[in-house]
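Student: Chain by chain, the residues:
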Amino acid sequence: MANYRKKMSDKRIKNIFIKGPVSPSFIADSIGKHSSKTSIGAHQIFLGQVRRDEVDGKTVTAIEYTAFEDLALEKMHAIREEIFGKYPLTCMHIYHSLGTVKSGELCFFVFTSSAHREPATQACAEVVERIKKELPIWGKELFEDNTHQWKENK
Amino acid sequence: MEIDIVTFGKITEIIPNGMMSFSGLTDTDQLKATLEQRYPELAGMKYKLALNKTLVQENKPVIEGAVIAIMPPFSGG
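Those sequence lines, one after another, are chains X and S.
Residue numbers are given in the numbering used here: position 10 of the first sequence equals residue 10, and the series is strictly consecutive.
Residue numbers are given in the numbering used here: position 13 of the second sequence equals residue 13, and the series is strictly consecutive.
Just so you know, these hints were derived from the structure itself, not from any lab.
Mixed in with the good hints there might be a few duds.
Claimed, not checked - If the Cβ cut is set under 8 Å, some of the chain X residues that face chain S in the computed set are:
| no. | residue |
| --- | --- |
| 1 | Asp70 |
| 2 | Lys151 |
| 3 | Glu152 |
Stated by the list, open to error - In silico DSS-like cross-links for lysine-lysine, where the CA-CA straight-line distance does not exceed 30 Å:
| no. | chain 1 | residue 1 | chain 2 | residue 2 |
| --- | --- | --- | --- | --- |
| 4 | X | Lys132 | S | Lys60 |
| 5 | X | Lys19 | X | Lys33 |
| 6 | S | Lys32 | X | Lys132 |
| 7 | S | Lys48 | X | Lys132 |
| 8 | S | Lys32 | X | Lys102 |
| 9 | X | Lys86 | X | Lys33 |
| 10 | S | Lys32 | X | Lys19 |
| 11 | S | Lys46 | X | Lys154 |
| 12 | X | Lys133 | S | Lys60 |
| 13 | X | Lys133 | X | Lys75 |
| 14 | X | Lys14 | S | Lys10 |
| 15 | X | Lys14 | S | Lys48 |
| 16 | X | Lys140 | S | Lys32 |
| 17 | S | Lys10 | X | Lys154 |
| 18 | S | Lys60 | X | Lys19 |
| 19 | S | Lys10 | X | Lys58 |
| 20 | S | Lys32 | X | Lys133 |
| 21 | X | Lys154 | X | Lys37 |
| 22 | X | Lys154 | X | Lys86 |
| 23 | S | Lys32 | S | Lys48 |
What the hints assert, rightly or not - Counterexamples of contact, computed for chain X against chain S with all Cβ distances above 12 Å:
| no. | residue |
| --- | --- |
| 24 | Lys19 |
| 25 | Pro24 |
| 26 | Gly32 |
| 27 | Ser103 |
| 28 | Phe108 |
| 29 | Glu141 |
| 30 | Asp145 |
| 31 | Asn146 |
As the structure is a computational prediction, the values presented were derived from the model and not from experiment.
Beta carbons: idealized from backbone N, C-alpha and C, even for Gly.
With these hints in hand, go ahead and build the complete structure from the sequences.
Tutor: Okay, structure coming up:
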């Protein structure tokens, strides 16, 4: 356990934010980069996609994301350290959109890898839940008639 | 006393960003009470404060020039 923690503590705070949607080719490239890490036996990926929700007859055409970036990245760093302390992961990559992401596009990408499947699966699920609850990020759901409502996480 | 107010999410539509004047307050609990008086809509909302980029978990002293972020419930992902 101590080894995983040490490995992460050496690293500085990483940025997780990207402007606009997460592109499928970025995800494919990210998977491809792991072929040289031959101790990995399992990957787990979570992808969040903007849903075309219907609210009172109006449809969501996009979500505009904003964040308190400094606070979010500090919190993400702490979560990352805790997760590496808890699970024997080989690596973990996290990306979240800022700005406008249209319905049908991807806004959130969590990617964990480990020697065997269980740590990757559990860590991925836990990180997704924690990011949704603990990171100061807000989604503004935009409707086709230029009105909006603020997203609330279930 | 001047405090730099930074708002996020839905609260950006209720409270303007920027320097705001206060008198006679010394901590975040008093600041919350004053803000809720000035912006009654805030009183009915769930929100958290950050003082100089640190989440306020319990009452904290506030001094001139502090940066206070007012944050509604998070909705990332």
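Student: For each hint, tell me whether it holds in the structure or not.
Tutor: So, going through the hints one by one against the coordinates:
1. Asp70: 5 Å, holds
2. Lys151: 4 Å, holds
3. Glu152: Nearest chain S Cβ about 6 Å off; hint holds.
4. X:Lys132 to S:Lys60: 26 Å, holds
5. X:Lys19 to X:Lys33: Status holds; Cα separation ~22 Å.
6. S:Lys32 to X:Lys132: Holds: lysine 32 (chain S) and lysine 132 (chain X) sit about 25 Å apart, inside 30 Å.
7. S:Lys48 to X:Lys132: 16 Å, holds
8. S:Lys32 to X:Lys102: Violated, at roughly 36 Å.
9. X:Lys86 to X:Lys33: Holds - the C-alpha atoms of lysine 33 (chain X) and lysine 86 (chain X) are around 24 Å apart, at most 30 Å.
10. S:Lys32 to X:Lys19: 33 Å, violated
11. S:Lys46 to X:Lys154: 15 Å, holds
12. X:Lys133 to S:Lys60: 23 Å, holds
13. X:Lys133 to X:Lys75: Status holds; Cα separation ~11 Å.
14. X:Lys14 to S:Lys10: 27 Å, holds
15. X:Lys14 to S:Lys48: OK: lysine 14 (chain X) and lysine 48 (chain S) at ~24 Å, within 30 Å.
16. X:Lys140 to S:Lys32: Judged against 30 Å, a Cα distance of about 25 Å means the pair holds.
17. S:Lys10 to X:Lys154: At roughly 17 Å apart (the allowed maximum being 30 Å), lysine 154 (chain X) and lysine 10 (chain S) satisfy the hint.
18. S:Lys60 to X:Lys19: Given that 30 Å is the threshold and the Cα spacing comes to 34 Å, the pair is violated.
19. S:Lys10 to X:Lys58: Cα-Cα ~19 Å, so holds.
20. S:Lys32 to X:Lys133: 23 Å, holds
21. X:Lys154 to X:Lys37: Violated - the C-alpha atoms of lysine 37 (chain X) and lysine 154 (chain X) are around 36 Å apart, more than 30 Å.
22. X:Lys154 to X:Lys86: 26 Å, holds
23. S:Lys32 to S:Lys48: 10 Å, holds
24. Lys19: 15 Å, holds
25. Pro24: 18 Å, holds
26. Gly32: 25 Å, holds
27. Ser103: 15 Å, holds
28. Phe108: At about 5 Å from chain S, phenylalanine 108 (chain X) fails to clear the 12 Å cut-off, so the statement is violated.
29. Glu141: Non-interface label on glutamate 141 (chain X) violated, nearest chain S Cβ at 9 Å vs cutoff 12 Å.
30. Asp145: 18 Å, holds
31. Asn146: 15 Å, holds
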